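**Student:** Residue numbers (our numbering), protein chains in the order written: chain A, 1 to 433; chain B, 1 to 433; chain C, 1 to 200; chain D, 1 to 200.
Just so you know, the hints here were simulated from the structure itself, not pulled from any lab data.
One or more of the hints may lead you astray.
Said to hold, decoys possible - Straight-line Cα separation of at most 30 Å, DSS-like style, residue types lysine-lysine; simulated pairs:
no., chain 1, residue 1, chain 2, residue 2
1, C, Lys142, C, Lys59
2, D, Lys38, A, Lys131
3, A, Lys60, A, Lys131
4, A, Lys200, D, Lys190
As the list claims (entries may be wrong) - Example chain B residues on the side facing chain A (calculated, C-beta under 10 Å, incomplete):
no., residue
5, Tyr106
6, Met140
7, Ser325
Claimed, not checked - The following residues of chain B were derived to be distant from chain D, with all beta-carbon distances above 12 Å:
no., residue
8, Val79
9, Ser82
10, Pro126
11, Arg143
12, Met149
13, Asp150
14, Val158
15, Lys172
16, Thr176
17, Ala292
18, Pro319
19, Glu323
20, Glu339
21, Cys376
22, Glu377
23, Tyr399
Fair warning: this is a prediction, and the values are worked out from it, not measured in the lab.
Think of the CB as a built atom: it goes at the ideal place given N, C-alpha and C, for glycine as much as any other residue.
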Amino acid sequence: MDLKQRDLKQQDLKQQDLKQDSKSSNRRGFLKGGAALAGLAAGAVQSAKAQPPVAELRAKGTSKEQVAYGDRSKYETSVRKSVAERASPDAFGLVFHVNAPLQDFYGSISPSSLHYVATHRGAFVPDIDPKEHRVMIHGMVDRPLIFTMDDLKRLPFVTRQHFVECAGNRAKSTQTTVQETHGLTSNAEYTGVLLSTLLKECGVQKGASWIVAEGAEEVKGAGSIPLGKAMDDCLVAYGQNGEALRPQQGYPVRLMVPGFEGIFQIKYLRRIKVVDQFYMTYNDYGHITTDARAAALANQVGPKSVITFPSGGQKLPGPGYYEISGLAWSGQGAIKKVEVSTDGGKTWKDGELRTTPYRMAHTRFGFHWKWDGKACEILSRCTDELGTVQPSRAQVAKYWNEPLTKGFRAKGMDNTIMAWRIDAEGSIHNGLA
Amino acid sequence: MDLKQRDLKQQDLKQQDLKQDSKSSNRRGFLKGGAALAGLAAGAVQSAKAQPPVAELRAKGTSKEQVAYGDRSKYETSVRKSVAERASPDAFGLVFHVNAPLQDFYGSISPSSLHYVATHRGAFVPDIDPKEHRVMIHGMVDRPLIFTMDDLKRLPFVTRQHFVECAGNRAKSTQTTVQETHGLTSNAEYTGVLLSTLLKECGVQKGASWIVAEGAEEVKGAGSIPLGKAMDDCLVAYGQNGEALRPQQGYPVRLMVPGFEGIFQIKYLRRIKVVDQFYMTYNDYGHITTDARAAALANQVGPKSVITFPSGGQKLPGPGYYEISGLAWSGQGAIKKVEVSTDGGKTWKDGELRTTPYRMAHTRFGFHWKWDGKACEILSRCTDELGTVQPSRAQVAKYWNEPLTKGFRAKGMDNTIMAWRIDAEGSIHNGLA
Amino acid sequence: MASLKPVLLTAILAAAQIGWAQAPAYGVGRTPTADEIKAWDIAIGPDGKELPPGKGTAKEGARLFLLKGCGGCHGATGIGGRAPALVKGGPPAVPGQAMPAGMEGMHMVPDTGIMALRSPYAATLWDYISRGMPLNREGTLKPDEVYAITAFLLYKNEVIKSEDEVMDQDTLRKLVMPNRKGYAEIPDWKRNTPRLANYP
Amino acid sequence: MASLKPVLLTAILAAAQIGWAQAPAYGVGRTPTADEIKAWDIAIGPDGKELPPGKGTAKEGARLFLLKGCGGCHGATGIGGRAPALVKGGPPAVPGQAMPAGMEGMHMVPDTGIMALRSPYAATLWDYISRGMPLNREGTLKPDEVYAITAFLLYKNEVIKSEDEVMDQDTLRKLVMPNRKGYAEIPDWKRNTPRLANYP
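Okay, chain A solo, but in the shape it has when bound (with noise of 0.2 Å):
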């Protein structure tokens, strides 16, 4: 049997309309025939339905710019929140400390789009254009150099997760989630040049020991570092989560100073001066302080650790099973081991790591646990590569032969241990309160 001859009947149907149809390579054309048919024949068969308007169609679908670069789906809500001290932006504009919501994220990789925002003074994110951008290196080298971004990107790089953390992150008593606890912190994958890459290319002179790096943003946010550490694993980082590196984080280049707080990351990096000493600009400051251990404490981040899961401000439904999930990070170094108490600190158990615990990083650990829907109350306390563990408020409190009452606060970065309290109705609160 020739299929040619054996032509569909269509005595019932308009033969014009389906040839237009069959043959246009308009779509509209087409879809507009389909419509004809089914119009036809809509009296004949109950559930036949009209084929819907192409217009329908393109709503429910995706537009060009979805396509082109995808944003998250409308029913994810969670923001940055500025801290409850100033409000971000500004009357003027200017942003000042943003957390970020720790307890919406998963894995070690902060969403770039939630990474928490920090800034030299309360500062406007600039808007530089790359191809005006450089960054220059001069002071106390043989060379002196300037580089375009594409003279940065021609160079060897290195791709590493590191955390950025606020001096600022500190738990108190007032606050009611992680967000506002913990929040000023984000862990993300950086990719740029090692710094010492491009000092090297310079050629640091004999008798220099510290760098001063700068901004190109308005405040020309800088800070002081010393050269070995310049010289040892920081980064100038232009990606960060696999794309250029976003505006509140510094775009189009920032300085990473693995487990140093902040405000040493320099944004918008334009500038490295080396010098021969500590060079005390406004933003090294924070280290003003007549005891040389609170100046220590200042300079890096303790090992630290926070459960976002179950956390302040959540409920739990009902008495069961529950992973408990958090983070944990060291200034000093790679995690090695997080411990998790869940009856107020009285017994420990080895929590797990479930990603890579990179050196300067965030760190996801995971802990099983059946809760028994009685009050109680959970901590997670970390040990960093350096074998130093985590403190409790109560240790640091000793330390310091200060009272340990709800308003004591750690010198420098406070790395003590967090408390959640889950009450009998699966209400979780500050453990601090």
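We have chain A; now place chains B, C and D onto it with these hints.
**Tutor:** Just chains B, C and D now, kept in the frame of chain A:
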């Protein structure tokens, strides 16, 4: 001297304005005051400029939306692009196959907004409310179970980097850029529950040998996966790069079948049926071939790599140092080695792995290179943990006893070596052309 | 259907089964009702055992093919629209245009790009029409309608000879498709095993 | 200034220096011109050796403080605006409001929260005014203006005694700030060393 007695002399300024100014808690008020002050003395000092109005400051700053959930710089314009064969979205709003701009990626993470997209038939990106979404497991199990998203998130999770690659990801001589030749693969950090955790919870029955996994989107895309793989390392993933899975990658939950071709990584996962045979769904058709060897090659991705810089369509500004960069991955496990040739494959030297080579994940490699300004051809080839080496097109053609023409097509998932030709002007061209 | 050799992992399974069928560890999730399972359990295996009651002929299918809008995308006769051709012998879906990316690697014999012909089992054809068609009203076809449209495509592709032949659970399961032997068995999957021994 | 003990890393440096001063390996980047360096080289070290020529008095500074808009944010007298107080003795910047996050950990002695008083060196004060003020016109103040505003803040905070005292390169470098001994030396940084021995 008492500070309060030595008030600033303001005989030439309007005292009233100042009082209002300094006491005002209204920011607009004091800015106006500032402007007034500046205006008053404008004649006296040349360099004085009027304080800009708040509106101007705000325009310079950051919108609330950018603080809440940030976007990339306006200078970053890298976008995904539809495959040459079919536009996405098409006239219906359907998305089909969209290439990721690999040439713009850094490190190992593919930015979620630029992750490649492919669908089962051409599909709408469904608009799924995660509160309504369920994942059901049934079939040959002792205890069928249905999970809400909250249920899934209570269970033990893992976080792992994995690539996804479409079977259509094959370089052709007609293509120009690496986005076109290799853009149907991307890599992300996924967080979710091991499928084995869920299957064990249900109790898999004797005689079961496959699963059928199915999505909730309109075409209910489904695929058959061997139970051995399902119990090994498949992941029911709800997190992608730290936040919720993106809609175009299967929000709110997808199946990861690490190393298998993309079509098996069921998006919008709503059902897993445990069965006792290969179900030969529409999507399993890719394997329909009479040659068992070709079928084997269609299932998993072999070791594969590609140089992303310098790559097709780019131009080197002149002779000198360039860091060659690229991606390597394998469906069989972790990448062990990447070699690079800059002389058209005559000699090979080891590149450096710049990110942790995870199993079934993209790994970033780098290679130090000084371009002498002469025409040349650059290639990369990788070796995975099983010792399998990425083959050349010539080797594959020989294996199949086919002539190595320009149009030669490797059967199954094409993992052949890619070449880029650099001409004396520094322009980079497809080496297959 | 016995030729399908369904149990590919028997050896592995026998060893591992005991561990897999363990008691629930977490008690998270709930048991779905029979109705909930039934509503979602749409996958039809190659042996067609899940095919629902119902029937249809190519003659009915021809009418439904237009009525349901299939012809709007695939061409009124199953050829010539922008969507893939469903009937052999015509020009490709879009003249001069290659197969869409992702379908290129499939090494299809000419004409077996037509789904009704590529499918080694008629049940798979039924399954796909049922779950994935027509555009924007997927899953709304009733079993009788799916049987009829299946019959229409089988008839147009000369798999069945009469436009009055009734397709139902039984006839579809018995039908021997032209491509019944046109596929290789899917290789067994084993961790840490190359996808194909001796492939370069 | 000798008390600053600037060279903290001498021992490490002596060992490593040879490696660091190697020949250029990549030849990427270019040499900046002297003018390019000068235009960006704004950092003034604590010893003030980079302070540019120029001068100013508190009297001039008082006028400039208002003229340049400083008073709009910091309060006309340097106290009482929304921006941090610049003069001691007044109420906090915003009554009842804590120090902004990030400044809380600084353990500031009361009143040394005032930058002019916290700073152990006058050069740092000059540096910050020069680079970071005033809002939205940062970096536009001329050296004479910065000297004058610096003098104004020093005078208001009783660091200098006369509103006619001229502040210039020399006087600023010689000025002994109240907080000169109010800071501990920054600890040396060594890889794989805990930030503070015996800290719990």
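**Student:** Just pull the numbers of the violated hints for me, sorted ascending.
**Tutor:** Violated: hints 3, 6, 18 and 19.
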